[in-house]
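A.B. asks: Sequence:
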Amino acid sequence: MYLKTVALRNFRSFDEGEVELQKDLTIFVGENSGGKSNAIDAIRLVTQPLGGRREIYCEPTDVRFQSPTKGFDLEATFSDLSVGQQGRLITASTDASLSEARFGIQYAGGLGDRPSLWAGKPGNLPEPGCHDMVRHVYVNLLTRQINEARIAERVVVMTDGDHGVGQGDDDEEDADAADEEDDGEEIEPGADGEQLIPGERRKRALEALAKTNGAEGILSAITSRYSLESELLEAGNGAILRDAYVSLHKRSGKKWDKAAALEGDARAKAIQKLFKNARKGDFAQTLADLIEKIPENGHTFAVPKYIADTIREVVA
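Position 36 of the sequence shown, counted from 1, bears residue number 34 in our numbering, the numbering being contiguous throughout.
Keep in mind that the hints are not guaranteed to be accurate.
The calculated EDC-like cross-link candidates involving lysine to aspartate or glutamate, where the alpha carbons are at most 20 Å apart (straight line), are [claimed, not checked]: (1) Lys271 x Asp287; (2) Lys253 x Asp280; (3) Lys278 x Glu53; (4) Lys34 x Asp158; (5) Lys274 x Glu232; (6) Lys271 x Glu290; (7) Lys2 x Glu57; (8) Lys2 x Asp130; (9) Lys278 x Glu294; (10) Lys248 x Glu205; (11) Lys34 x Asp287; (12) Lys278 x Glu311; (13) Lys2 x Glu290; (14) Lys21 x Glu214; (15) Lys2 x Glu29; (16) Lys68 x Glu53; (17) Lys248 x Asp263; (18) Lys303 x Asp280; (19) Lys2 x Glu14; (20) Lys119 x Glu16; (21) Lys2 x Asp287; (22) Lys271 x Asp307; (23) Lys303 x Asp255; (24) Lys274 x Glu261; (25) Lys267 x Glu290; (26) Lys278 x Asp255; (27) Lys209 x Glu311; (28) Lys267 x Asp71; (29) Lys278 x Glu29; (30) Lys271 x Glu294; (31) Lys2 x Glu73; (32) Lys119 x Asp158; (33) Lys68 x Asp78; (34) Lys278 x Glu16.
Taking CB as the label site, the calculated pair distances span [as the list claims (entries may be wrong)]: (35) Ile54 x Gln283: 22 to 32 Å; (36) Leu109 x Arg249: 44 to 54 Å; (37) Ala314 x Glu57: 13 to 23 Å; (38) Asp287 x Ile41: 15 to 25 Å; (39) Ala237 x Ser95: 33 to 43 Å; (40) Ile88 x Arg249: 49 to 59 Å.
Everything labelled a hint here was simulated from the structure, so no lab data went into it. Glycine included, each C-beta is placed from N, C-alpha and C at the ideal position.
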């Protein structure tokens, strides 16, 4: 059995949406404030924690900001149930095949309101113990021992280089660089004397932090030269990226071709300009769908080296 989908309505940053998960491993990737943590918290709210002690609860502030609708709804669908699981979760079954089970909560959103749990379909109550069969484990990142326990033996950080992101000739200072200046700590320029790109500054700041805390041996910080979209293009994924972009911006094919025809820093700046006001989350989902259907659509996809290096560090 695995968690197949999570549906969210009027919950935090979600108006209405559904997150599809994979059987083996699902990784949420996206910009800050893109909804990754909200989706994870939805899973934590609709299922029981393994230890039985909740750390988060439904709150009025979880209702989508300025929404005309009160309250929110969450539901989780589980698929590929074994015969034993079908018997134990029969009251949560979605149909007579018993192949899927669904749990959901409805929260009115008022102060003091408690969420109502349903199974199978809204209004149905699960039999006693049914909902307890599905539990989650939420793992906080721990690099120092707490109560003689440490979960994380290694920390791998991947950050885009973001060269060419700036509006002018030079790259914009990012928040990390500003923090470094506030701390009075100077970071040396690169070996060639040029100003370090934002990603390299972030990498050096992380390595300095690890050194300060005696954790050099467990940190791997990996960066690229450009932003993700440009790095994907540099890796030779022009055709599939173009299809994904044009499917969302049907009149912008010529703009894409003009930007993609450039090289190096000039192309990175042009691509960044294309994505400045684009819906990157939708683009990422469209691209993921095209990658999943590669055997059918004839496309190819090459993983940028810095992403491949990061994966190797994670699984090493």
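A.B. asks: A separate judgement is required for each hint: does it hold in the structure or not?
C.D. replies: Hint check:
1. Lys271 x Asp287: Not OK: lysine 271 and aspartate 287 at ~24 Å, beyond 20 Å, violated.
2. Lys253 x Asp280: Roughly 19 Å between the alpha carbons, so the hint for lysine 253 and aspartate 280 holds.
3. Lys278 x Glu53: violated, 31 Å
4. Lys34 x Asp158: holds, 18 Å
5. Lys274 x Glu232: holds, 19 Å
6. Lys271 x Glu290: violated, 27 Å
7. Lys2 x Glu57: This hinted pair is violated, its Cα atoms lying about 25 Å apart.
8. Lys2 x Asp130: Measuring from Cα to Cα gives roughly 18 Å; hence the hint holds.
9. Lys278 x Glu294: violated, 24 Å
10. Lys248 x Glu205: violated, 43 Å
11. Lys34 x Asp287: holds, 18 Å
12. Lys278 x Glu311: Roughly 26 Å separates the two Cα atoms, so the pair is violated.
13. Lys2 x Glu290: The given pair, whose Cα atoms are some 16 Å apart, holds under the 20 Å limit.
14. Lys21 x Glu214: violated, 34 Å
15. Lys2 x Glu29: Cα-Cα ~23 Å, so violated.
16. Lys68 x Glu53: violated, 24 Å
17. Lys248 x Asp263: violated, 26 Å
18. Lys303 x Asp280: Violated: lysine 303 and aspartate 280 sit about 24 Å apart, past 20 Å.
19. Lys2 x Glu14: Roughly 17 Å separates the two Cα atoms, so the pair holds.
20. Lys119 x Glu16: holds, 16 Å
21. Lys2 x Asp287: holds, 16 Å
22. Lys271 x Asp307: At roughly 27 Å apart (the allowed maximum being 20 Å), aspartate 307 and lysine 271 break the hint.
23. Lys303 x Asp255: violated, 24 Å
24. Lys274 x Glu261: holds, 19 Å
25. Lys267 x Glu290: violated, 29 Å
26. Lys278 x Asp255: holds, 19 Å
27. Lys209 x Glu311: holds, 19 Å
28. Lys267 x Asp71: violated, 41 Å
29. Lys278 x Glu29: holds, 8 Å
30. Lys271 x Glu294: Violated, at roughly 31 Å.
31. Lys2 x Glu73: holds, 11 Å
32. Lys119 x Asp158: violated, 43 Å
33. Lys68 x Asp78: With Cα atoms ~34 Å apart, lysine 68 and aspartate 78 exceed 20 Å; violated.
34. Lys278 x Glu16: holds, 17 Å
35. Ile54 x Gln283: 22 to 32 Å: Taking Cβ atoms as reference, isoleucine 54 and glutamine 283 lie about 26 Å apart, which means the hint holds.
36. Leu109 x Arg249: 44 to 54 Å: holds, 48 Å
37. Ala314 x Glu57: 13 to 23 Å: violated, 40 Å
38. Asp287 x Ile41: 15 to 25 Å: holds, 22 Å
39. Ala237 x Ser95: 33 to 43 Å: At 40 Å between Cβs, range holds.
40. Ile88 x Arg249: 49 to 59 Å: Given a distance of about 52 Å, which is inside 49 to 59 Å, the answer is holds.
Going down the numbered hints, you'll see the structure goes against 1, 3, 6, 7, 9, 10, 12, 14, 15, 16, 17, 18, 22, 23, 25, 28, 30, 32, 33 and 37, while the others check out.
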